[in-house]
Amino acid sequence: RKEVEQDPGPFNVPEGATVAFNCTYSNSASQSFFWYRQDCRKEPKLLMSVYSSGNEDGRFTAQLNRASQYISLLIRDSKLSDSATYLCVVNPFGYKLSFGAGTTVTVRA
Amino acid sequence: DAGVIQSPRHEVTEMGQEVTLRCKPISGHNSLFWYRQTMMRGLELLIYFNNNVPIDDSGMPEDRFSAKMPNASFSTLKIQPSEPRDSAVYFCASSPPGSNEQFFGPGTRLTVL
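Protein chains in written order, with the working numbering: chain A, 1 to 109; chain B, 110 to 222.
Keep in mind that a hint or two might mislead.
DSSO-like mimics (lysine-lysine), calculated; alpha carbons at most 30 Å apart, straight line [as the list claims (entries may be wrong)]: (1) A:LYS2 with B:LYS187; (2) A:LYS2 with A:LYS45; (3) A:LYS45 with B:LYS187; (4) A:LYS42 with B:LYS133; (5) B:LYS187 with A:LYS96; (6) B:LYS133 with A:LYS96; (7) B:LYS133 with A:LYS45; (8) B:LYS177 with B:LYS187; (9) A:LYS45 with B:LYS177; (10) B:LYS177 with A:LYS42.
Example chain B residues on the side facing chain A (calculated, C-beta under 8 Å, incomplete) [stated by the list, open to error]: (11) THR147; (12) MET149; (13) GLY151; (14) PHE174; (15) PHE183; (16) PHE200; (17) GLY207; (18) ASN209; (19) GLU210; (20) GLN211; (21) PHE212; (22) PRO215; (23) GLY216.
If you anchor each label on the Cβ, the simulated ranges turn out as follows [what the hints assert, rightly or not]: (24) A:THR106 with B:GLY151: 13 to 21 Å; (25) B:ASN180 with A:ASP77: 45 to 53 Å; (26) B:GLN126 with A:ASP77: 47 to 55 Å; (27) B:GLY168 with A:GLU5: 28 to 36 Å; (28) B:VAL121 with A:ALA109: 31 to 39 Å; (29) A:ARG41 with B:GLU192: 20 to 28 Å; (30) A:ALA109 with B:ARG173: 42 to 50 Å; (31) B:ILE164 with A:ASP77: 38 to 46 Å; (32) A:ASN55 with B:GLN126: 26 to 34 Å; (33) B:GLN126 with A:ARG66: 42 to 50 Å.
The set of hints was computed from the structure by calculation and includes no laboratory data.
Everything numeric in this text was worked out from a predicted model, so none of it was measured.
All C-beta atoms, glycine included, are put in the ideal place defined by N, C-alpha and C.
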């Protein structure tokens with residue numbers, strides 16, 4: 001079983017729509033959680049950390065469910081510039097980060 | 110502020126040649142990571158340095174790969190001899206003390222013919 005599993009998508013949505021997707025992780029002792037965004041042929045960039053109580057950053061909302069071992073990301077009022085691959089990232093211990101394969105989101109005009 | 114700097118950005122070489130990739134982490138960061146990304150395998154951690162000391166090199170594929178960090182502002186990843194299956198994007202990332210957040214460089218796109 002992979003450490004982090006994501007629906008690869010693609011999620012194809014019109015501008016202004018809301019899109020949401022999850023990832024699951026296998027290690028129940030995982031400490032920290034993140035969403036990274038990766039544009040085509042670019043490096044992964046930290047989008048937001050995910051806290052146990054859930055957190056928002058503008059149009060982005062992240063939720064963590066430790067009991068079910070999943071993390072979600074919701075994007076409201078989608079923009080064309082939100083088109084990217086979103087990587088779910090879990091810190092199972094210490095320094096190590098486990099990356100999901102990514103969920104591709106395409107926002108169309 | 111300068112982010113992680115990597116060079117070269119692109120490298121095309123022939124099988125059997127030596128390849129050296131370079132990384133300058135963000136100033137003040139004490140952890141450095143080398144990753145490889147391919148379509149088939151995604152992002153794989155190759156090696157992790159903390160305070161210039163290699164802590165975990167279990168991801169280094171084989172003896173053809175080696176990495177060094179002679180000081181806090183410079184690291185190299187060397188492949189000798191290179192093979193076509195080494196073709197990938199190699200990322201360097203760094204993180205500050207006490208944090209698990211990693212900041213990635215722009216990557217080196219390596220093609221081995």
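Structure-based check of all given hints:
1. For the suggested pair A:LYS2 and B:LYS187, the alpha carbons sit about 29 Å apart, so the restraint of at most 30 Å is met.
2. In summary, the hint linking A:LYS2 to A:LYS45 is supported, as the alpha carbons are separated by about 22 Å, within the 30 Å threshold.
3. Under the criterion of a C-alpha separation no larger than 30 Å, the hint pairing A:LYS45 with B:LYS187 is consistent with the structure, at around 25 Å.
4. Under the criterion of a C-alpha separation no larger than 30 Å, the hint pairing A:LYS42 with B:LYS133 is consistent with the structure, at around 18 Å.
5. The suggested pairing of B:LYS187 with A:LYS96 holds, with an alpha-carbon distance near 22 Å, which does not exceed 30 Å.
6. A distance of roughly 20 Å separates the Cα atoms of B:LYS133 and A:LYS96; the hinted pair therefore holds under the 30 Å criterion.
7. Between the alpha carbons of B:LYS133 and A:LYS45 the distance comes to roughly 17 Å, so the proposed pair stays at or under 30 Å and holds.
8. Distance check on the hinted pair: B:LYS177 and B:LYS187 sit about 9 Å apart at the alpha-carbon level, within 30 Å; holds.
9. Under the criterion of a C-alpha separation no larger than 30 Å, the hint pairing A:LYS45 with B:LYS177 is consistent with the structure, at around 25 Å.
10. The hinted pair formed by B:LYS177 and A:LYS42 meets the criterion: a straight-line CA distance of about 25 Å does not exceed 30 Å.
11. For B:THR147, the interface hint is violated, since its Cβ never comes within 8 Å of a Cβ in chain A; the closest pair sits about 11 Å apart.
12. Restraint check, B:MET149 versus chain A: the minimum CB separation of about 10 Å is more than 8 Å; hint violated.
13. At a threshold of 8 Å, the smallest CB-CB gap from B:GLY151 to chain A is about 5 Å, leaving the interface hint in force.
14. Below 8 Å, beta-carbon pairs count as interface contacts, and B:PHE174 has none with chain A, the closest being about 19 Å; its hint is therefore violated.
15. This hint is violated: B:PHE183 has a C-beta 19 Å from the nearest C-beta of chain A, more than the 8 Å allowed.
16. Look at B:PHE200: its Cβ gets to within about 6 Å of chain A, closer than 8 Å, so that hint holds up.
17. Nearest Cβ of chain A to the Cβ of B:GLY207: about 11 Å, over the 8 Å cut. The hint is violated.
18. A distance limit of 8 Å between C-beta atoms decides the matter here; for B:ASN209 the minimum to chain A is near 5 Å, and the interface restraint holds.
19. The interface hint given for B:GLU210 holds, since its Cβ lies 6 Å from the closest Cβ of chain A, which is under the 8 Å cut-off.
20. Hint on B:GLN211 holds. Least Cβ distance to chain A is approximately 6 Å, under the 8 Å limit.
21. Checking B:PHE212 against chain A by beta carbon gives a least distance of about 7 Å; that is within 8 Å, so the hint holds.
22. Taking 8 Å as the C-beta contact cut-off toward chain A, the hint placing B:PRO215 at the interface holds, the least distance being around 5 Å.
23. Among the interface hints, the one on B:GLY216 holds; its C-beta lies about 5 Å from the nearest C-beta in chain A, closer than the 8 Å criterion.
24. Against the hinted window of 13 to 21 Å, the Cβ-Cβ separation of A:THR106 and B:GLY151 comes to about 20 Å, which satisfies the hint.
25. Checked against the given bound of 45 to 53 Å, the beta carbons of B:ASN180 and A:ASP77, roughly 46 Å apart, stay inside it.
26. For the pair B:GLN126 and A:ASP77, the supplied restraint of 47 to 55 Å holds, since their beta-carbon distance comes to about 50 Å.
27. The beta-carbon spacing between B:GLY168 and A:GLU5, approximately 20 Å, falls outside the hinted interval of 28 to 36 Å.
28. About 36 Å separates the C-beta atoms of B:VAL121 and A:ALA109, a value consistent with the hinted range of 31 to 39 Å.
29. With their beta carbons about 23 Å apart, A:ARG41 and B:GLU192 fall inside the hinted range of 20 to 28 Å.
30. Restraint check, A:ALA109 to B:ARG173: a C-beta distance of roughly 47 Å satisfies the suggested window 42 to 50 Å.
31. Between B:ILE164 and A:ASP77 the C-beta distance comes to about 42 Å, which sits within the given range of 38 to 46 Å.
32. A beta carbon spacing of about 47 Å between A:ASN55 and B:GLN126 contradicts the range 26 to 34 Å that was offered as a hint.
33. B:GLN126 and A:ARG66 have their C-beta atoms about 48 Å apart, which keeps the hinted 42 to 50 Å range intact.
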